[in-house]
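Take these sequences, add in the hints, and give me the full structure.
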Amino acid sequence: MIKFSNVSKVYKNNHIALSNVSVTINRGDFVFLVGPSGAGKSTFIKLLLREIEPTSGEIIVNNVDVQKLTRKQIPMYRRSFGIVFQDFRLLSDKTVYENIAFAMQIVEASSRDIKKRVNQMLSLVGLSNKANMYPHQLSGGEQQRVALARALANNPKLLICDEPTGNLDPETAWGIMELLNDINLSGTTILMATHAKDVVDKMKKRVIAIEKGVIVRDQQRGVYGYED
Amino acid sequence: MIKFSNVSKVYKNNHIALSNVSVTINRGDFVFLVGPSGAGKSTFIKLLLREIEPTSGEIIVNNVDVQKLTRKQIPMYRRSFGIVFQDFRLLSDKTVYENIAFAMQIVEASSRDIKKRVNQMLSLVGLSNKANMYPHQLSGGEQQRVALARALANNPKLLICDEPTGNLDPETAWGIMELLNDINLSGTTILMATHAKDVVDKMKKRVIAIEKGVIVRDQQRGVYGYED
Amino acid sequence: MSEISKEVFTVMKIKTFKYFFKESISNIIKNRVMSFASITTVAAALFVLGIFMLLVANVNKMVTSVEDKVEIKAFLNDDVTTLKQNEIESEIKKIPAVKSIVFESKEDALEKFKNQLGENKDLANGLDLKNPLPASFIIKVDKVENVADTSNKIAKMEGIYKVKDGRDILDKVIRVINFIKASSLALIVILGAVGIFLISNTIRLTVYARKKEIGIMKYIGATDWFIRWPFLFEGMFLGLFGAIISILLLKFGYSYVVKVVATDVVIFSLIPAEYIINTLAWQFSIVGIVIGGLGSLISLRRFLVL
Amino acid sequence: MSEISKEVFTVMKIKTFKYFFKESISNIIKNRVMSFASITTVAAALFVLGIFMLLVANVNKMVTSVEDKVEIKAFLNDDVTTLKQNEIESEIKKIPAVKSIVFESKEDALEKFKNQLGENKDLANGLDLKNPLPASFIIKVDKVENVADTSNKIAKMEGIYKVKDGRDILDKVIRVINFIKASSLALIVILGAVGIFLISNTIRLTVYARKKEIGIMKYIGATDWFIRWPFLFEGMFLGLFGAIISILLLKFGYSYVVKVVATDVVIFSLIPAEYIINTLAWQFSIVGIVIGGLGSLISLRRFLVL
Ligand SMILES: Nc1ncnc2c1ncn2[C@@H]1O[C@H](COP(=O)(O)OP(=O)(O)OP(=O)(O)O)[C@@H](O)[C@H]1O
Ligand SMILES: Nc1ncnc2c1ncn2[C@@H]1O[C@H](COP(=O)(O)OP(=O)(O)OP(=O)(O)O)[C@@H](O)[C@H]1O
Ligand SMILES: [Mg+2]
Ligand SMILES: [Mg+2]
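Going down the list, the sequences are from chains A, B, C and D.
For the first sequence, our numbering begins at 1 and goes up steadily by one.
For the second sequence, our numbering begins at 1 and goes up steadily by one.
For the third sequence, our numbering begins at 1 and goes up steadily by one.
For the fourth sequence, our numbering begins at 1 and goes up steadily by one.
There's no promise every hint is true.
[As the list claims (entries may be wrong)] Simulated pairs of lysine-lysine, DSSO-like, Cα-Cα distance not exceeding 30 Å:
1. A:LYS94 x C:LYS73
2. D:LYS164 x D:LYS94
3. A:LYS202 x A:LYS46
4. B:LYS116 x A:LYS12
5. D:LYS162 x D:LYS69
6. A:LYS72 x C:LYS18
7. C:LYS73 x D:LYS69
8. C:LYS211 x A:LYS72
9. D:LYS114 x C:LYS162
10. C:LYS212 x B:LYS94
11. C:LYS212 x A:LYS116
12. A:LYS46 x B:LYS94
[As the list claims (entries may be wrong)] Here's a subset of chain C near chain D, in silico, CB distances under 7 Å, partners left out:
13. VAL33
14. ALA37
15. THR41
16. ALA44
17. VAL48
18. TYR161
19. GLY192
20. VAL194
21. LEU198
22. ASN201
23. LEU205
24. TYR208
[Unchecked claim] Pulled from the structure, derived: some chain D residues nowhere near chain B, Cβ distances all over 12 Å:
25. LYS61
26. PRO132
27. ILE220
Because the hints were derived from the structure by calculation, they are not lab data.
Computed from a prediction, not measured in an experiment: that's the story for all the values here.
Every residue, glycine too, gets a C-beta built ideally from N, C-alpha and C.
Next comes the structure, spelled out in structure tokens:
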């Protein structure tokens, strides 16, 4: 489903964020992307979204070369997965409800579907009572859950989460992880960058560890493994 | 040093974020503020900063009634502590160096002091090589560390951190916690809202647990205690 | 264009269109400060432009009335018979540039002369007996530029004693008139350009302030047109509202001026308020809508290339 | 003010001042899009205002030259001696409103009359022997408003046969002149207000776009003045740069127009470019700086109340 071949990313200031990364993620996988701060996890994800372009190498997603997408194809491509950004990226002048609905409006879902699905998502992340709040009226963890609800709204076949539990207490985080596990079992591929050692250790899923832009470990049923 | 007496905060939408909270934090304390997402931790901290005002109750800091501060006194008051915000609040059009220096410029430190201290702070959080980057060029964890460096720049007597390790890998987080411990030992009072169960459990410091706006536990040498 | 419209119209459902519409209204309300700034900028720019256009229209009217006063006077020989006179008249009328022709008899001429003398009228009393003044035709021409040509033609006709066309001052008048017309036009063009520039500046700022939101939309898979439509509508609304405000201001302001001029100044007669305002109303609404919409789209462009 | 200055000047060090200065320049550069929008808005608004001011100044000059042409003609009785004539002249000169007085003898008057007749000059030939035209004084007055008064006074003097002051058309001329002057002033005021409004609108938007940054500064303990100073300087710079651009545009534009008018139109003589531009340069720079600075401060206010 996802295939990175010798992908490198050097930022404008000559910082090498990823160097010669090759990795394959298959349909239905549940992959944790771990690594110290600044290792290149978010860079990996941004490349996948085509938010940034690689300096060299090839990225193939669903048999499509991501670099060869035209400007017009990019939105369609991005809609093919759900994304939780590390910095949430909620629309600040839309309510929680509208933020989630927006993800469905861009794919022109019917009003009825939107209404039903958004409410379902809200109760899934425990925010039904915050539907009409604006992002700045939410706590950090609540914002993070809205971002997750939005990512799930269109029932994506691939879910990409960048640190989706960083602002959540362990209990809520576990609830979310169970939810993600269920989604994974129903067939959705999940790629999740995270620092949550507990979670990674307990879930026993595939772990890809990056350090200084290089994949140092790729382990089925792995653990976090950065304890000193 | 900090005294909340029967403090309640009801937001405009009638959400009761804190209800009748009374708590005292003494000079030199190291306090963890824990609780589930949306419990009211950030609200507690925002009240302390006078970012928002309580609906009722009294907040005394260093023998000063925070509500009675005039507009002119507020900046001086805020300078009396260092703050790490949950959403970082870095100045987006200043570099890492300038962000940290800014905190010292507002107290009119000398150029020489600023230069020395900023570089010291940068190496303390491991970002000396990112001094000239802008916030949007940093990874999540790097931004968080810049926020911490800024909070520490003026050597505050009181340090308030809202979730300062949410975007950090366990190893880096531990480095930061050791740093905070040292600072605490040298006399700085620390109040830290966090979800990092490991950290709280291992540090064995005072733990104040909030749930739905109410203090449910206040324990010296406590643990996180939300595991299900 | 064909490519764009294909993309737009095959994909867009009416429901989505309604959404864009509602979205644009809600954005205007949510971004009150910026909407206010844009609307008032449009209003102010068009208001000033409108003042200028009214000014220029009135100046042009006056200039035209000056042009209207330019005439050729063709004096007849004293021996011209009535028959001959009619012949000459119809010959003059044949010249295409001639707009009107009026006969002035010897008696009319004397009367006029006496009136010119005014209080010294008595001086001409002796002339009644043997009137030395010639009869003449007074001819008006369609354009000042044609005066010289026409008077040359008339001068060559039989029975014409002499032609007076004030050609010496005419040249100056033509130059002044042309200068006033050219500078009016230049001013309108400059003001129009400045107005468009100011409006698109403001709209650019309002779009700029939302560049982060635009980025987010792109990252979660919104197409360019999905992002553009609400901005397009928003720009059009802002432009329209601004235009309406400017038209109302102009309407009341100009009606007031017309009233003042009519009662206090009397000499000029200004172009009536209704006529101009009705024309301006349409022009300005269209200008507002077009600049607002285009301004939005153009400002958006740089944020969509991501 | 005293309170403010105390706060500012006791606390601020030169180093900090330098910081504010550098900060404002760096903000202008970092927020290129917005700085460009502000500077060009200031330039555009002042440019249009400048065009208007030049226009009005020239129209006023022409109006003044029309006013200058208004004169009173006082005819003398035929029996007035040279001695008496000098007496009357000095008496008229004593009237404060009188600016100049010129004597026109009977012979001068006849000569003028002949010239007026032009081609029909021969008609007056008989008059040479017994000249019926009276001698007169031609008097100019400082202000048109004083014409009526002055001519009344002169009419009462001994030896004066009659006074002609064109009072009938004078009234109209005064009304027209006053109308032109009043509307010029109104236009300048309106344009000035619109300009200030547009500029502060743009500056407000540039401040608005940084409201988040301002909040952050407040939350980490920056005083209001620490936040204000860079914005104040920034606004002043933006205003100044805009003013300079507008002055350059006006200078080149107006010099060009003056040249065109001097060679092609001739009749008017425009106010020379240097004189006006030099005056405008100062005025506009000050206006730019003041509006820019004030605009920044006022726009900031709402974000500082936190
Ligand atoms: N736009 C940019 N320009 C320059 N350097 C960048 C840019 N974005 C990221 N970097 C650098 O690239 C490195 C990798 O960043 P990335 O965001 O991928 O880290 P990460 O693994 O997600 O870290 P974290 O866990 O802290 O979020 C970091 O050192 C960062 O400073
Ligand atoms: N401005 C606001 N208006 C209305 N409700 C608000 C506002 N700010 C916060 N709240 C609500 O108050 C409650 C407490 O928020 P707070 O930010 O204090 O939570 P928290 O304990 O910091 O949570 P987290 O761990 O997720 O950051 C939340 O339910 C939030 O939705
Ligand atoms: Mg990251
Ligand atoms: Mg919080």
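A quick look at each hint next to the structure:
no.: 1; hint: A:LYS94 x C:LYS73; result: violated (78 Å)
no.: 2; hint: D:LYS164 x D:LYS94; result: holds (19 Å)
no.: 3; hint: A:LYS202 x A:LYS46; result: holds (27 Å)
no.: 4; hint: B:LYS116 x A:LYS12; result: holds (28 Å)
no.: 5; hint: D:LYS162 x D:LYS69; result: holds (20 Å)
no.: 6; hint: A:LYS72 x C:LYS18; result: holds (23 Å)
no.: 7; hint: C:LYS73 x D:LYS69; result: holds (28 Å)
no.: 8; hint: C:LYS211 x A:LYS72; result: holds (20 Å)
no.: 9; hint: D:LYS114 x C:LYS162; result: holds (20 Å)
no.: 10; hint: C:LYS212 x B:LYS94; result: holds (17 Å)
no.: 11; hint: C:LYS212 x A:LYS116; result: holds (29 Å)
no.: 12; hint: A:LYS46 x B:LYS94; result: holds (23 Å)
no.: 13; hint: VAL33; result: holds (6 Å)
no.: 14; hint: ALA37; result: holds (5 Å)
no.: 15; hint: THR41; result: holds (6 Å)
no.: 16; hint: ALA44; result: holds (5 Å)
no.: 17; hint: VAL48; result: holds (6 Å)
no.: 18; hint: TYR161; result: violated (11 Å)
no.: 19; hint: GLY192; result: violated (11 Å)
no.: 20; hint: VAL194; result: holds (5 Å)
no.: 21; hint: LEU198; result: holds (6 Å)
no.: 22; hint: ASN201; result: holds (4 Å)
no.: 23; hint: LEU205; result: holds (4 Å)
no.: 24; hint: TYR208; result: holds (6 Å)
no.: 25; hint: LYS61; result: holds (50 Å)
no.: 26; hint: PRO132; result: holds (90 Å)
no.: 27; hint: ILE220; result: violated (6 Å)
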